[in-house]
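There are 2 protein chains.
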Amino acid sequence: MELFEAIETRRSVRKYLAEPVPPVVIEKAISAALLAPNSSNLQPWEVYHVSSPDRKAALIAAAFDQSGAATAAELFVFVARADTWRRNRALVLEELGKRGEIPKQQLDYYTKFVPLFYSHGFLNIVGILKKIAFSLVGLFRPVPRGPFSGSAVKGVLSKTVALACQNFMLAITAQGYSSLPMEGFDECRVKKILFLGGESAVVMMIAVGKEDPAGIYGPRLRLDPKLFVFEV
Amino acid sequence: MELFEAIETRRSVRKYLAEPVPPVVIEKAISAALLAPNSSNLQPWEVYHVSSPDRKAALIAAAFDQSGAATAAELFVFVARADTWRRNRALVLEELGKRGEIPKQQLDYYTKFVPLFYSHGFLNIVGILKKIAFSLVGLFRPVPRGPFSGSAVKGVLSKTVALACQNFMLAITAQGYSSLPMEGFDECRVKKILFLGGESAVVMMIAVGKEDPAGIYGPRLRLDPKLFVFEV
Numbered sequence: 211m212e213l214f215e216a217i218e219t220r221r222s223v224r225k226y227l228a229e230p231v232p233p234v235v236i237e238k239a240i241s242a243a244l245l246a247p248n249s250s251n252l253q254p255w256e257v258y259h260v261s262s263p264d265r266k267a268a269l270i271a272a273a274f275d276q277s278g279a280a281t282a283a284e285l286f287v288f289v290a291r292a293d294t295w296r297r298n299r300a301l302v303l304e305e306l307g308k309r310g311e312i313p314k315q316q317l318d319y320y321t322k323f324v325p326l327f328y329s330h331g332f333l334n335i336v337g338i339l340k341k342i343a344f345s346l347v348g349l350f351r352p353v354p355r356g357p358f359s360g361s362a363v364k365g366v367l368s369k370t371v372a373l374a375c376q377n378f379m380l381a382i383t384a385q386g387y388s389s390l391p392m393e394g395f396d397e398c399r400v401k402k403i404l405f406l407g408g409e410s411a412v413v414m415m416i417a418v419g420k421e422d423p424a425g426i427y428g429p430r431l432r433l434d435p436k437l438f439v440f441e442v
Numbered sequence: 211m212e213l214f215e216a217i218e219t220r221r222s223v224r225k226y227l228a229e230p231v232p233p234v235v236i237e238k239a240i241s242a243a244l245l246a247p248n249s250s251n252l253q254p255w256e257v258y259h260v261s262s263p264d265r266k267a268a269l270i271a272a273a274f275d276q277s278g279a280a281t282a283a284e285l286f287v288f289v290a291r292a293d294t295w296r297r298n299r300a301l302v303l304e305e306l307g308k309r310g311e312i313p314k315q316q317l318d319y320y321t322k323f324v325p326l327f328y329s330h331g332f333l334n335i336v337g338i339l340k341k342i343a344f345s346l347v348g349l350f351r352p353v354p355r356g357p358f359s360g361s362a363v364k365g366v367l368s369k370t371v372a373l374a375c376q377n378f379m380l381a382i383t384a385q386g387y388s389s390l391p392m393e394g395f396d397e398c399r400v401k402k403i404l405f406l407g408g409e410s411a412v413v414m415m416i417a418v419g420k421e422d423p424a425g426i427y428g429p430r431l432r433l434d435p436k437l438f439v440f441e442v
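Order-wise, the sequence lines are chains A and B. Start counting the first sequence at 211; every next residue gets the next number (the numbering used here). Start counting the second sequence at 211; every next residue gets the next number (the numbering used here).
Excised from the complex, chain A in its bound form (with noise of 0.2 Å):
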């Protein structure tokens, strides 16, 4: 399907037919999520396919037994991790260094400004510190303004895996079926049900299926563009 018309035929659907999704569908719309663009390219996200009755049921409790979720053929978990930093770095100077030699500012990056992004120390003490001293330098001269805590760090991550969300349901329509993005959801037992400790964030969790029409809320309503863009 043309970029275009998945993007204009993209709708959230809440109510689902009881229809399969085939596996390759899935996959290829995993593989789509997976090639957006990344913080650091540290891929810092997770997909958790839950196909398991138990889970599933417990997470459709979780979202609070929406009909989008209670509905789906498909449930998916898509999840932000701020813990995964270092083995994906080992991994991917790993792949960088059998491709040549990796360029000293490419290195200089993954080794020096990577770690002072991700560590904040015991009790945030570094992230306090840092904060200090870029809003004193700061004054002076632009710098980074975050993150400096382990939530600031989520936060961010969170967008990279949002980025990878947004392919993965334009992939899904493009396959001829429907999604539903939640935002809804008890956090707290979805990581339980996930075995998710504090260093991840629940980003989104995404109903797949074939759409039943009652599922689609009416046309689609959208403001006027006027009040969200600006020539400056």
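Be a bit skeptical, because a hint or two may be false.
A pair holds if it fits inside one copy or across any two, identical chains being indistinguishable in the list.
[Stated by the list, open to error] In the DSSO-like style, the derived pairs of lysine-lysine whose C-alpha atoms are separated by at most 27 Å in a straight line are: (1) K402 x K341; (2) K341 x K238; (3) K266 x K314; (4) K238 x K401; (5) K314 x K401; (6) K436 x K402; (7) K322 x K402; (8) K402 x K314; (9) K266 x K402; (10) K266 x K238; (11) K420 x K341; (12) K238 x K436; (13) K341 x K401; (14) K420 x K266; (15) K436 x K308; (16) K322 x K308; (17) K401 x K266; (18) K238 x K322; (19) K436 x K266; (20) K238 x K314; (21) K401 x K436; (22) K266 x K308.
For the record, the hints were derived by calculation from the structure and aren't laboratory data. Because the structure is a prediction, the values reported are computed rather than measured.
We have chain A already, so just place chain B on it with the hints.
Leaving out everything else, chain B in the frame of chain A:
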């Protein structure tokens, strides 16, 4: 361009040729951005197309003079707004009203749930009370675990804006141009340049232009999907 081709060919381009981007390309990409799914359909986004030379120069400096920003023909700033929901809610309800009687569930959602989501009171007192109340009830049944502060609201809305950013970047690719999403910038300075206040979060700066082949740093590098994808 076919969706999967757009997803596969999109790369982060860090250097651009001195070639303009036709306005129609930009218009189409912004329209695509505004079709992303979004939190409660309250469309909490803003897109700043920065073209005045002074402002552009200031923005490039705020992005640490990185070549992607400095050489791009066009610069965009995608912003999440935590304070446009009342206006947008009124407009959404007005439009829904024109289409027919608004179902009670939907009306309740916008008049009862949405304010609960967005309002946290002076010194975040309402947010703290909400957190305590939900934590207690959450012992017994699924409850939302946030947002319980203004900054948490901005975190949620930033995910929505990231979905729009991905549509935007794919639409740029599909029209033969390239993009670079940037998260490394001085948010305070960017906000000053755009006259944005505390209710805004700068989600992403995006450079757009015609790719200089030197702006692609080697073949795409993605780690083994087995590290990220779990069937549970």
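Verification of the hints:
no.: 1; hint: K402 x K341; result: between (32 Å within a copy, 19 Å between copies)
no.: 2; hint: K341 x K238; result: neither (42 Å within a copy, 39 Å between copies)
no.: 3; hint: K266 x K314; result: neither (47 Å within a copy, 29 Å between copies)
no.: 4; hint: K238 x K401; result: within (26 Å within a copy, 39 Å between copies)
no.: 5; hint: K314 x K401; result: neither (39 Å within a copy, 32 Å between copies)
no.: 6; hint: K436 x K402; result: between (43 Å within a copy, 21 Å between copies)
no.: 7; hint: K322 x K402; result: neither (34 Å within a copy, 29 Å between copies)
no.: 8; hint: K402 x K314; result: neither (42 Å within a copy, 34 Å between copies)
no.: 9; hint: K266 x K402; result: within (13 Å within a copy, 46 Å between copies)
no.: 10; hint: K266 x K238; result: within (22 Å within a copy, 39 Å between copies)
no.: 11; hint: K420 x K341; result: neither (48 Å within a copy, 37 Å between copies)
no.: 12; hint: K238 x K436; result: between (36 Å within a copy, 14 Å between copies)
no.: 13; hint: K341 x K401; result: between (30 Å within a copy, 18 Å between copies)
no.: 14; hint: K420 x K266; result: within (18 Å within a copy, 45 Å between copies)
no.: 15; hint: K436 x K308; result: between (49 Å within a copy, 20 Å between copies)
no.: 16; hint: K322 x K308; result: within (21 Å within a copy, 57 Å between copies)
no.: 17; hint: K401 x K266; result: within (13 Å within a copy, 43 Å between copies)
no.: 18; hint: K238 x K322; result: neither (35 Å within a copy, 39 Å between copies)
no.: 19; hint: K436 x K266; result: between (42 Å within a copy, 21 Å between copies)
no.: 20; hint: K238 x K314; result: neither (36 Å within a copy, 39 Å between copies)
no.: 21; hint: K401 x K436; result: between (40 Å within a copy, 20 Å between copies)
no.: 22; hint: K266 x K308; result: neither (41 Å within a copy, 39 Å between copies)
The structure fails to meet hints 2, 3, 5, 7, 8, 11, 18, 20, 22 from the earlier list, while all remaining hints are met.
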